Amino acid sequence: GEDVEQSLFLSVREGDSSVINCTYTDSSSTYLYWYKQEPGAGLQLLTYIFSNMDMKQDQRLTVLLNKKDKHLSLRIADTQTGDSAIYFCAERGSSNTGKLIFGQGTTLQVKP
Amino acid sequence: NAGVTQTPKFRILKIGQSMTLQCTQDMNHNYMYWYRQDPGMGLKLIYYSVGAGITDKGEVPNGYNVSRSTTEDFPLRLELAAPSQTSVYFCASSTTTSGISEQFFGPGTRLTVL
Chain A
-14 GEDVEQSLFL SVREGDSSVI NCTYTDSSST YLYWYKQEPG AGLQLLTYIF
36 SNMDMKQDQR LTVLLNKKDK HLSLRIADTQ TGDSAIYFCA ERGSSNTGKL
86 IFGQGTTLQV KP
Chain B
1322 NAGVTQTPKF RILKIGQSMT LQCTQDMNHN YMYWYRQDPG MGLKLIYYSV
1372 GAGITDKGEV PNGYNVSRST TEDFPLRLEL AAPSQTSVYF CASSTTTSGI
1422 SEQFFGPGTR LTVL
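As they're listed, the protein sequences go chains A and B.
Each step along the first sequence adds one to the number in my numbering, with nothing skipped, and position 43 is 28.
Just add 1321 to the spot in the second sequence (first one is 1) and you have my numbering.
Keep in mind that the hints were calculated from the coordinates and are not lab data.
Wrong hints could be hidden among the right ones.
Derived lysine to any residue pairs resembling SDA-like cross-links, with alpha carbons at most 25 angstroms apart [stated by the list, open to error]:
| no. | chain 1 | residue 1 | chain 2 | residue 2 |
| --- | --- | --- | --- | --- |
| 1 | A | Lys84 | B | Gly1324 |
| 2 | B | Lys1365 | A | Asp11 |
| 3 | A | Lys21 | B | Thr1416 |
| 4 | B | Lys1378 | A | Tyr16 |
| 5 | A | Lys84 | B | Asn1386 |
| 6 | A | Lys21 | B | Val1381 |
| 7 | A | Lys84 | B | Glu1380 |
| 8 | B | Lys1330 | B | Pro1360 |
| 9 | A | Lys96 | A | Thr32 |
| 10 | A | Lys55 | B | Glu1423 |
| 11 | A | Lys21 | B | Asn1351 |
| 12 | B | Lys1365 | B | Glu1400 |
| 13 | A | Lys53 | A | Asn37 |
| 14 | A | Lys21 | A | Asp1 |
| 15 | A | Lys21 | A | Tyr33 |
In this text the structure is predicted, and so the values were computed from the model without any measurement.
Kindly generate the complete structure, drawing on both the sequences and the hints.
Spelled out as structure tokens, the structure:
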């Protein structure tokens, strides 16, 4: 079945770049998403990429998609302490229900 | 716009008790979803709805029921609470399933079953 995998934890120093990785199995994925969850809050959409793109840049965020390897990454440049959160990768298949399959979430810890 | 609201924020239940988790959205979204989030496990889809009067099972529906009598409300019912249902529950909604189809999430309900 469909599956999305992420590493569970990443620790970086403030000002460094962070790279969070994700692999997925559904080759019919149409959109892939990165959601951010701050402590005690719900998830918020951070960025997304359409499956026919291989890169998307949005200010400090760069999303890379390798469709052949079914690998997605999120790079955060100049990581700040306010970036500390859990980051979820999610994929949407080709059905018309809008259902998302989420990864386990990567906890990003940013040290001052 | 309040967005997606959920009540209660926290709840402790005894085994065998029942309760309803409330979810309301004021964005006139057709699509609504219930997820549970267990530590280190990501979010799992419990039930979803594509419009008023229509609901369907997600990945982990056992032990839960839903209804969708209006566009705004999508309550989740636990009939006989079990310790395995201890989790954080998130409700989400989206306006469409075409294009970006962003899901908007509520703040969550933290449920403990003892």
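Hint check:
1. A/Lys84 - B/Gly1324: holds, 19 angstroms
2. B/Lys1365 - A/Asp11: Given that 25 angstroms is the threshold and the Cα spacing comes to 16 angstroms, the pair holds.
3. A/Lys21 - B/Thr1416: At roughly 20 angstroms apart (the allowed maximum being 25 angstroms), B/Thr1416 and A/Lys21 satisfy the hint.
4. B/Lys1378 - A/Tyr16: Given that 25 angstroms is the threshold and the Cα spacing comes to 22 angstroms, the pair holds.
5. A/Lys84 - B/Asn1386: holds, 18 angstroms
6. A/Lys21 - B/Val1381: holds, 23 angstroms
7. A/Lys84 - B/Glu1380: Between A/Lys84 and B/Glu1380 the Cα gap is close to 10 angstroms, so the pair holds against 25 angstroms.
8. B/Lys1330 - B/Pro1360: Roughly 18 angstroms separates the two Cα atoms, so the pair holds.
9. A/Lys96 - A/Thr32: holds, 24 angstroms
10. A/Lys55 - B/Glu1423: Answer holds: A/Lys55 to B/Glu1423 is near 21 angstroms, not above 25 angstroms.
11. A/Lys21 - B/Asn1351: holds, 23 angstroms
12. B/Lys1365 - B/Glu1400: holds, 19 angstroms
13. A/Lys53 - A/Asn37: Given that 25 angstroms is the threshold and the Cα spacing comes to 11 angstroms, the pair holds.
14. A/Lys21 - A/Asp1: holds, 19 angstroms
15. A/Lys21 - A/Tyr33: With a Cα-Cα distance of about 12 angstroms, the restraint between A/Lys21 and A/Tyr33 holds, given a limit of 25 angstroms.
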